[in-house]
Amino acid sequence: MFTTMATSSANFLNTVLNLGSDSYLYFYFFTLLVGAFLLRDTIRNRHVSRLPHLNPKHLTDLTKTRVRKEFFTTSYSIIRQWFRTNPDKAARVTADIGEVIVLPSRLADEIKNDPRLSFGEFIYNSFHADLPGFEGFREGARDSRIVQAVIIRDLTKHLNKVTEPLAEETRLSLDDLLPRETTEAWQLVDIRETILHLIARISSRVFLGGELCRNDDWLKVTRDYTLDAMRGAIELRFIPKPVRFLAHWFLPSCQRARAHVKEARRIIGPVLERRRALKRAGKDTFDDDAIEWFEREAQGRPYDPVVAQLVMSMAAIHTTTDLTVQVLSDLVQHPEVIDALHEEMTSALRDGGWTKNSLYNMKLLDSVIKESQRMKPVGLVSMRRVASSSLSLSDGTYIPKGATIAVSAERMWDPSVYPGADSWDGSRFLKMRSVPGSEHMAQLVSTSIEHMGFGHGQHACPGRFFAGNEVKIALLHLLLRYDWRLPEGAAAPKTRTLGFSLGVDPSLRLEYRPRNGKLGELGDIEV
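In the working numbering, each residue carries its 1-based index in the sequence shown increased by 395.
The hints are simulated quantities; they were obtained by calculation from the structure and are not laboratory data.
Take every hint as true, because none was put in to throw you off.
Keeping only pairs whose Cα atoms sit at most 27 Å apart, straight-line, the calculated BS3-like set for lysine-lysine is:
id : residue 1 : residue 2
1  : Lys-452   : Lys-464
2  : Lys-452   : Lys-484
3  : Lys-657   : Lys-674
4  : Lys-484   : Lys-459
Given the sequences, and given the hints that come with them, work out the whole structure.
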């Protein structure tokens, strides 16, 4: 072997020495160019390597696979421990998506609108938006921004208009999911699964109107697509990038995601074609729902209406479910708040009915939701981005082109920001509204470096105004129609950690019973 290597090296050297002068110069400049690129990357990596690496691979590890997999379950302790003791210092972690520079919360305002940090590129890279089955991740990445435009210009603008339909569909859904006529005894329920079915249906009422919101096939797609696409995305991250374009064809999760997209096209396609035909005939008497909003926004430009609906469902259903379940989980552990919520809810509904203004006036409810979101947001970090060019931040942190960054959410649990930060206080943000200068920031939909439950900056969740109202409407019905409690002897629910993501305890079960005799104070208002 060594003889072969020596012979090859000698032959290469002879070839170089036998080149003509012009060829030798070309070789010299080529070598210089390669050296310059290598030096540049070395300098870049040296800057980044100065940041503490919180979970480096062992010397015996040939790859980072073990560390990346371990991060799924160890992320919470790794991130929290670092920023508790080093609240103003950036660090590196090896996550399932690769190496990530995690910035302290104080830098959030500095980067929140920086055009060199791309949210779309992060989505595209991390969720394989170029592969079949992952079409739902393309919108908001490199494709048109039609969904974001519809959310801002139509969904948010129509909040008052959609409030009553949301309330009606919530009532009808709960009649099916948790019927009140069966018994007044306590009954056990898988609360996450129940709320998932509820949120999928009431969201579809707004997005697709009454025509499809009760279609079981469509509701199954909206519930399952996100789960299977996310599962497939995670599995693909552990497969070398050059072969992912083949591997996804064989992964069951990816096969299911493609099947969901196909099924969505089967369901929505005929509805859209029928509506377009009616428009051509001058008979456009259907709901003013998201199907129509997308058509108006597109103005004849080509777009994928099925993918647009999948994106709306992905954005709305699972995160809203998580927040609603988390609030219920916190309330059954702090039942002393529930009577005050009942009083506020009935007063606001009696005075204003099902309107956006009535929901706004439920300030204790707003505070309760924001506090639950503070204690357990959907992620340990927020503001995930990919650098489209190199940049240096005010504290000297260097971010090379192509690097993935995120911002720690640590200030949401910082006792210097929130006294008694480790304890749930449902009236925390209600009391904050009385502090001059804090009235606006105490509202559920407001974002800041101290509360990034909905993100922060130009890519903060554009649908948070709708999501906030949807959670309130769901909780109004759940709390006014039923009593809730943890089963006797049940342990306190635990947060589920999955990499950077935080979720409600998947094993959570609650007991409920109807409050049939306690709704007379609402008069003609139905819940």
